[in-house]
Amino acid sequence: MKLTVSLLGESYLFHDLKELFAKANEEKSGDQLAGIAAADDRERMAAKLVLADLTLADIRSHPLLPPETDEVSRVIEEGVDETVYETIRSWTVGELREQLLAASESELRRIGSGLNSEMAAAAAKLMSNLDLIQAAAKCEVITRCNTTLGERGRLGSRAQPNHPTDDPLGMKASIYEALSYGIGDAVIGINPVIDTTDNIIRLLHETKEVIHRWGIPTQNSVLAHVTTQMRAISKGAPADLIFQSLAGTQSGNQSFGIDLRLLQEADQLIRESGTASGENRWYFETGQGSELSAGGHHGVDQLTLESRCYGLAKAFKPFLVNTVVGFIGPEYLYDSKQVIRAGLEDHFMGKIQGLPMGVDVCYTNHMKADQNDMDNLAVLLAAAGVNFFIGVPMADDCMLNYQSTSFHDIATVRELLRLQPGAEFSAWAEKMGILKNGRLTALAGDPTRFI
Amino acid sequence: MVFHDPEGMERLRKATPARIGTGRAGTRPTTREQLQLRLDHAAAVDSVYGSVSSTLLDELELFAVDSEVTDKELYLKRPDLGRQLPESSIRLLRERCIQAPQVQIVVSDGLSADAIESNLRDIYPALLDSLAVQGLTAGTPFFVRKARVGCMNAIGDILEPEVIVMLIGERPGLITSRSMSAYLGYRPRSGMTDSQRMVLSNIHQGGTPPVEAGAHLGSLIARMLELRMSGVSLEL
Numbered sequence: 001m002k003l004t005v006s007l008l009g010e011s012y013l014f015h016d017l018k019e020l021f022a023k024a025n026e027e028k029s030g031d032q033l034a035g036i037a038a039a040d041d042r043e044r045m046a047a048k049l050v051l052a053d054l055t056l057a058d059i060r061s062h063p064l065l066p067p068e069t070d071e072v073s074r075v076i077e078e079g080v081d082e083t084v085y086e087t088i089r090s091w092t093v094g095e096l097r098e099q100l101l102a103a104s105e106s107e108l109r110r111i112g113s114g115l116n117s118e119m120a121a122a123a124a125k126l127m128s129n130l131d132l133i134q135a136a137a138k139c140e141v142i143t144r145c146n147t148t149l150g151e152r153g154r155l156g157s158r159a160q161p162n163h164p165t166d167d168p169l170g171m172k173a174s175i176y177e178a179l180s181y182g183i184g185d186a187v188i189g190i191n192p193v194i195d196t197t198d199n200i201i202r203l204l205h206e207t208k209e210v211i212h213r214w215g216i217p218t219q220n221s222v223l224a225h226v227t228t229q230m231r232a233i234s235k236g237a238p239a240d241l242i243f244q245s246l247a248g249t250q251s252g253n254q255s256f257g258i259d260l261r262l263l264q265e266a267d268q269l270i271r272e273s274g275t276a277s278g279e280n281r282w283y284f285e286t287g288q289g290s291e292l293s294a295g296g297h298h299g300v301d302q303l304t305l306e307s308r309c310y311g312l313a314k315a316f317k318p319f320l321v322n323t324v325v326g327f328i329g330p331e332y333l334y335d336s337k338q339v340i341r342a343g344l345e346d347h348f349m350g351k352i353q354g355l356p357m358g359v360d361v362c363y364t365n366h367m368k369a370d371q372n373d374m375d376n377l378a379v380l381l382a383a384a385g386v387n388f389f390i391g392v393p394m395a396d397d398c399m400l401n402y403q404s405t406s407f408h409d410i411a412t413v414r415e416l417l418r419l420q421p422g423a424e425f426s427a428w429a430e431k432m433g434i435l436k437n438g439r440l441t442a443l444a445g446d447p448t449r450f451i
Numbered sequence: 001m002v003f004h005d006p007e008g009m010e011r012l013r014k015a016t017p018a019r020i021g022t023g024r025a026g027t028r029p030t031t032r033e034q035l036q037l038r039l040d041h042a043a044a045v046d047s048v049y050g051s052v053s054s055t056l057l058d059e060l061e062l063f064a065v066d067s068e069v070t071d072k073e074l075y076l077k078r079p080d081l082g083r084q085l086p087e088s089s090i091r092l093l094r095e096r097c098i099q100a101p102q103v104q105i106v107v108s109d110g111l112s113a114d115a116i117e118s119n120l121r122d123i124y125p126a127l128l129d130s131l132a133v134q135g136l137t138a139g140t141p142f143f144v145r146k147a148r149v150g151c152m153n154a155i156g157d158i159l160e161p162e163v164i165v166m167l168i169g170e171r172p173g174l175i176t177s178r179s180m181s182a183y184l185g186y187r188p189r190s191g192m193t194d195s196q197r198m199v200l201s202n203i204h205q206g207g208t209p210p211v212e213a214g215a216h217l218g219s220l221i222a223r224m225l226e227l228r229m230s231g232v233s234l235e236l
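Going down the list, the sequences are from chains X and V. Residue numbering for the first sequence is 1 to 451, as defined by the UniProt record's numbering. Residue numbering for the second sequence is 1 to 236, as defined by the UniProt record's numbering.
Note that these hints are calculated values from the structure, not bench results. Heads up, a few of these hints could be off.
Think about it this way: if two alpha-carbon atoms lie no more than 16 Å apart in a straight line, the pair counts; the simulated EDC-like pairs of lysine to aspartate or glutamate are [what the hints assert, rightly or not]:
#1 Lys138/X / Glu151/X
#2 Lys337/X / Glu26/X
#3 Lys2/X / Asp53/X
#4 Lys368/X / Glu73/V
#5 Lys77/V / Glu27/X
#6 Lys14/V / Glu151/X
#7 Lys314/X / Glu77/X
#8 Lys14/V / Asp166/X
#9 Lys77/V / Asp335/X
#10 Lys314/X / Glu279/X
#11 Lys436/X / Glu424/X
#12 Lys317/X / Glu78/X
#13 Lys317/X / Glu265/X
#14 Lys18/X / Glu43/X
#15 Lys72/V / Asp335/X
#16 Lys337/X / Glu27/X
#17 Lys368/X / Asp46/V
#18 Lys337/X / Asp373/X
#19 Lys436/X / Glu415/X
#20 Lys317/X / Glu279/X
#21 Lys317/X / Glu140/X
Generate coordinates for the entire structure from the input sequences, incorporating the hints supplied.
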């Protein structure tokens with residue numbers, strides 16, 4: 001394995017794959033904070049050039065985090081299709097990039113199944129933004145819960161009706177507003193303020209009640225800690241999906257209060273006691289930088305760790321995976337350029353690993369980004385075939401204090417790129433008179449019709 | 001936009017601070033709503049990049065020291081530096097502060113200068129009163145520019161207080177850019193983690209009013225001193 005290169009009269013030596021992987025990333029404040037980023041653009045390019053000539057077998061035989069010490073690595077390795085891997089192991093990362101860009105849709109699916117998460121990350125490091133869009137757009141990932149999501153020509157949406165005190169009417173007010181714009185086909189999912197079993201039970205019942213009353217083809221979820229949801233579900237609360245945030249390392253997950261065994265228990269519970277009809281019952285959230293934030297990054301760069309979240313998620317056949325790309329703050333993604341890049345990277349890495357990727361196109365007020373940047377990223381991701389976006393009234397989440405995509409934004413992107421909500425939900429919205437031939441009608445935007 | 005049930009719309013609006021019933025222009029927001037959102041964002045950004053006036057600090061007789069970072073961009077990128085104090089600040093604290101006080105009060109702009117400007121005049125005297133009511137004595141209060149919460153460990157190492165209370169500006173949202181938090185630690189020293197601290201957050205006129213928060217802090221601190229601990233393990 002050659003880890004040296006001479007470039008523009010200087011020679012560069014990388015000591016191991018961890019260092020090479022980190023330095024081959026586009027500039028991210030989180031890698032700089034971790035002290036592992038390339039010193040300058042030349043060193044960054046040197047790392048990319050060295051990485052391009054490594055083979056997939058080089059990467060697999062030099063694990064960044066050994067499976068013996070990290071259970072996430074074990075899950076990822078078990079998820080690799082060995083037959084496929086044998087046919088591509090001698091490819092260089094540079095060749096992998098070209099194969100992914102040139103492949104047909106079915107060939108792309110085959111290649112993806114033979115990659116581990118580090119290989120998917122390595123390809124992303126060599127790709128331009130348009131490469132990431134082009135390759136991801138060829139991956140159609142369809143999942144089924146109560147409804148079907150991810151089909152070509154569809155753009156799903158989560159209604160995120162958060163409220164600063166979990167007030168029932170306040171939450172419903174935002175759900176009604178969402179529905180009136182054709183938002184909520186992926187999930188009606190609330191982030192609770194109060195993470196107690198009784199409150200989660202109440203919120204699961206209240207979201208389900210709205211769904212039943214109006215016969216909405218969708219699914220509900222309350223994004224509490226998985227253990228709280230498990231207690232609520234065990235007590236009979238109606239949950240279609242079970243939710244958890246994931247990290248890409250075992251120690252990162254420990255800081256989230258989870259491990260593989262707990263996820264397996266939750267998986268069994270939602271399959272036995274969940275209220276959904278389809279086979280995909282998980283809703284996962286991820287985001288670059290969370291491992292460093294939790295002190296569990298082990299010197300591995302944030303892009304690669306994010307890819308490892310997807311390798312872990314894959315084992316549970318989720319209905320939805322959402323990268324909350326701009327929520328973590330400027331010490332990980334400093335400005336709009338870094339957030340846009342990360343959003344496209346995450347979406348590609350998830351899709352190539354077979355996951356139903358959505359993106360929370362978002363920013364906090366201490367980042368150098370604004371609503372215009374989110375407009376840009378939303379259009380780019382929709383062109384890349386993103387499965388769903390997060391819908392928040394006028395983009396302003398009044399509980400989590402950050403800005404995401406608005407109901408208006410999602411309706412606009414759908415109209416621009418001729419995309420529809422999920423099939424069952426579209427039929428419902430047409431019947432309700434909110435949509436006609438996929439377009440908002442004069443009735444759209446009036447939440448009082450659902451009171 | 002004409003609503004099917006205008007009274008119902010008012011009920012929904014009253015139930016949430018979320019921006020609902022906003023209407024639309026085609027699929028886009030109305031001009032007024034779009035500009036209001038941008039205005040609120042501008043206020044939040046200004047609050048992050050603003051600074052606390054020396055008038056306020058003089059008025060409350062707080063002297064100021066720097067954290068390890070003086071540049072705002074670097075402050076945002078390097079939270080680790082906001083947790084440390086440079087040699088010059090350490091010297092100043094040793095010179096001007098009472099050593100080993102019972103309660104050390106520290107104020108920092110953090111992520112919102114606005115939060116300090118709009119709440120400190122109310123919370124500070126209320127906090128002093130509530131300490132007096134509890135029979136507790138405070139050391140020499142001061143202001144740290146661009147600190148992170150973890151800076152209380154560095155301060156603890158130098159001044160060795162029994163309890164520290166840090167009033168710091170929160171990351172601004174669009175509903176308010178003026179929210180402040182009070183972080184509390186029993187015997188703050190190097191190595192103290194978030195779970196060993198306590199926080200009273202959402203202090204602003206629309207949340208927990210600052211006067212009320214100040215009055216509440218005294219009894220909270222007395223309880224910490226009585227049980228000799230702080231953090232999630234302290235049952236309140």
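Here is what the structure says about each hint:
Taking the CA atoms of Lys138/X and Glu151/X, the gap is near 12 Å; set against the 16 Å cutoff, the hint holds. At most 16 Å may separate the alpha-carbon atoms for a hinted pair to count; Lys337/X and Glu26/X meet this at roughly 10 Å. Proximity of Lys2/X to Asp53/X is assessed by CA-CA distance (about 8 Å); at most 16 Å being required, the pair is judged to hold. This hinted pair checks out: Lys368/X and Glu73/V have alpha carbons roughly 10 Å apart, not beyond 16 Å.
A hinted pair counts as satisfied when its Cα atoms are at most 16 Å apart, and Lys77/V with Glu27/X qualifies at roughly 13 Å. Of the pairs offered as hints, the one joining Lys14/V and Glu151/X is violated, with about 38 Å between alpha carbons and a cut-off of 16 Å exceeded. At roughly 11 Å between alpha-carbon atoms, Lys314/X and Glu77/X fall within 16 Å of each other, so this suggested pair holds. Restraint check for Lys14/V and Asp166/X: the C-alpha separation of about 14 Å stays at or below 16 Å, so the hint holds.
The hinted pair formed by Lys77/V and Asp335/X meets the criterion: a straight-line CA distance of about 10 Å does not exceed 16 Å. With a CA separation close to 14 Å, the supplied pair Lys314/X and Glu279/X stays within the 16 Å bound. Straight-line distance between C-alpha atoms of Lys436/X and Glu424/X comes to about 14 Å, which keeps the hinted pair within the 16 Å bound. At roughly 14 Å between alpha-carbon atoms, Lys317/X and Glu78/X fall within 16 Å of each other, so this suggested pair holds.
Distance check on the hinted pair: Lys317/X and Glu265/X sit about 15 Å apart at the alpha-carbon level, within 16 Å; holds. A threshold of 16 Å between alpha carbons decides the hint, and for Lys18/X with Glu43/X the separation of about 15 Å falls inside it, so the pair holds. In summary, the hint linking Lys72/V to Asp335/X is supported, as the alpha carbons are separated by about 14 Å, within the 16 Å threshold. Restraint check for Lys337/X and Glu27/X: the C-alpha separation of about 9 Å stays at or below 16 Å, so the hint holds.
Among the hinted pairs, Lys368/X with Asp46/V is consistent with the structure: their alpha-carbon atoms are about 12 Å apart, no more than 16 Å. Our distance criterion of 16 Å between C-alpha atoms is met by Lys337/X and Asp373/X, whose separation comes to about 8 Å. Under the criterion of a C-alpha separation no larger than 16 Å, the hint pairing Lys436/X with Glu415/X is consistent with the structure, at around 12 Å. Restraint check: the Cα-Cα separation between Lys317/X and Glu279/X comes to about 8 Å, which is no more than 16 Å; the hinted pair holds.
This hinted pair checks out: Lys317/X and Glu140/X have alpha carbons roughly 15 Å apart, not beyond 16 Å.
Hint compliance for this structure: hint 6 is the single one not met.
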